[in-house]
Amino acid sequence: MTKLKKVLQYTTMNNIITIQNLTKAYDNGFVALKDINFTITRGEIFALLGQNGAGKTTLISIICGLVRPSTGTVTVNDDDIIKDYRKTRSYIGLVPQEITLDPFLTVTQTVAYARGFYGRPRDEKLIEEVLTDLSLWDKKDNKIQELSGGMKRRVLIAKALMNEPEILFLDEPTAGVDVELRKGMWDMVTKLKNRGTTIILTTHYIEEAQEMADRIGVIADGEIKIIEEKDALMNRLGTKKIILTLTKNCDTLPPELVDFSGLSLSDDGHNLIYSYKKSEHTGITTLLTAIKGSSITFTDIQTEESSLEDIFVSLTQKHE
Amino acid sequence: MNKIGFATIYFKEMARTFRVPGQTLISPVMTTALYFVVFGSAIGSQVDFNLEVSYAQFIVPGLIMMSLITNSMSAASSGIYFPRFIGTIYEIFSAPISYTEITLGYTLAATTRALIIGALIYITALFFTPIPVEHPFIALFFAFLTAFSFSLFGFITGIWADSFEKLSLFPVIILTPLSFLGGVFYSLDMLPPFWQTLSLANPVVYMIEGLRWSFFGIAMINPLISALLISIFLMICFGLLSYIFRTGYKIKN
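Sequence order for the protein chains is G and Y.
Position one of the first sequence corresponds to residue 1 (this note's numbering), numbered consecutively onward.
Position one of the second sequence corresponds to residue 1001 (this note's numbering), numbered consecutively onward.
No lab work stands behind these hints, which were simulated from the structure alone.
Hints are supplied without guarantee of correctness; some may be wrong.
[To be verified] Here are the computed lysine-lysine pairs in the DSBU-like style, where the Cα-Cα straight-line distance is at most 30 Å: (1) G:K241 with G:K230; (2) G:K83 with Y:K1250; (3) Y:K1003 with G:K34; (4) Y:K1166 with G:K87.
The whole structure should be built from the sequences, with the hints applied where relevant.
Written as structure tokens, this is what we have:
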């Protein structure tokens, strides 16, 4: 086997989900997805970011078998989601966006039924383990209607884990939950990743993606705008700023500094701001030397770094 | 085949039946028992009835069949509609379980519920009058075939309905009148010729007549024709379901 073939085979094996030329047009004519192509790597946490109505949930729903694609193919572990739906669905656990639970069932009944639908026999040990991990064990005999919103969301996660999935889809898992619970969920996601579970996360909270994701995908108007390693993305598109607080306000830049691109004065003339790409040659030393030779002096110096949220906003705004 | 998946749906639905027995079992039995007391015992004893069985005995198969039809339909329609309404249906449609297994899970549970109610009505009627069953296996066949057919029909309406009002449309507007006019409380030969002919267009007539024949060996309609027409109704339901699943109508679009 040639080295190229080995590399290709490894790449294929390493892709747990492959999406090719996927489109979805609903009966009312709305096109939710337009020619989507990308892969999910085994064992990664992939965050799919997008505004409301961007197509995130439709994409997840197609992979999980809840919505039919109009055209294109999706394979999970090289099995087609339509032809080999029994196999592909058995690899997947889904935590939906809405809290959808039967209020009249107990927590134990809810998770036991979820396992049953996947063709798995009841496993008391697994139920105890998952409910304990999610701090639900003491509520195991409570009816769903007696639980708080945060607990219900954890029950949804417990259900999704009942078939011991290789891939876990979390569709807006922390929408509307408090900070403590959100952090708890992040810990749980990290734990699952360490066990080898591939996690696909959609979220409005960019902080969540920044905290956990290995790779980021941005979707807008049914199209994938960018897919990249989080760190590479932040290096490539992220900007840093140096802000100098001037001793005296300035109306214009001194002649020694006018040629520096990325350098500007704040509106009130009190700050000198230098913006630069993280991935580029910064030119900070040259700038500071030039400032030293100019007429201006400063009393303070600060630095600011753009967040993933800034990058997301800039990416989605460009396409609005 | 995902046997555990099918069994999970079936037993989950049966558990729903036994979770609220007052609503699912006792209420229909009470209602039918009251029909029996009023029409069978009180009014029936005054009816000059020209058949080999008493009026009270005569109405029992009709009451059982009416109950089988309404309960199998409502159990299956609410069985699939409720998870659609609260959103939990995603757990079924995202699981490795086929449409056939899903349909059978829901409809066989609804059929079982209806048969239990039918058996309870029969047992209740025995307290008032002896009711011989001349062809018990054929009676079971007619009962199962009808309950299963209407479970499928109920399942279809549960998928089609997008509000509780629509869900109750078929049982209230169509099924109840058809049942009452299907010969539960009267023999077809008691009607004027025009109404007799018109009654033959009512599918419920064939179901009731089929069961009545298996109880007493007497019927206005040949039981083979009854069995054939119920089977055709069953096939139409299968055809509609096949269309729904093939196109994803109201479930995957």
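Here's how the hints hold up against the structure:
1. As the CA atoms of K241 of chain G and K230 of chain G are separated by approximately 20 Å, the hinted pair is consistent with the 30 Å bound.
2. For a cut-off of 30 Å, the pair hint linking K83 of chain G to K1250 of chain Y stands: about 21 Å separates their Cα positions.
3. Only pairs whose Cα atoms come within 30 Å are accepted, and K1003 of chain Y paired with K34 of chain G is rejected, the gap being roughly 38 Å.
4. For the hint linking K1166 of chain Y to K87 of chain G, the alpha-carbon distance of about 36 Å lies beyond 30 Å, and the restraint is violated.
Going through the hint list in order, the structure does not satisfy hints 3 and 4.
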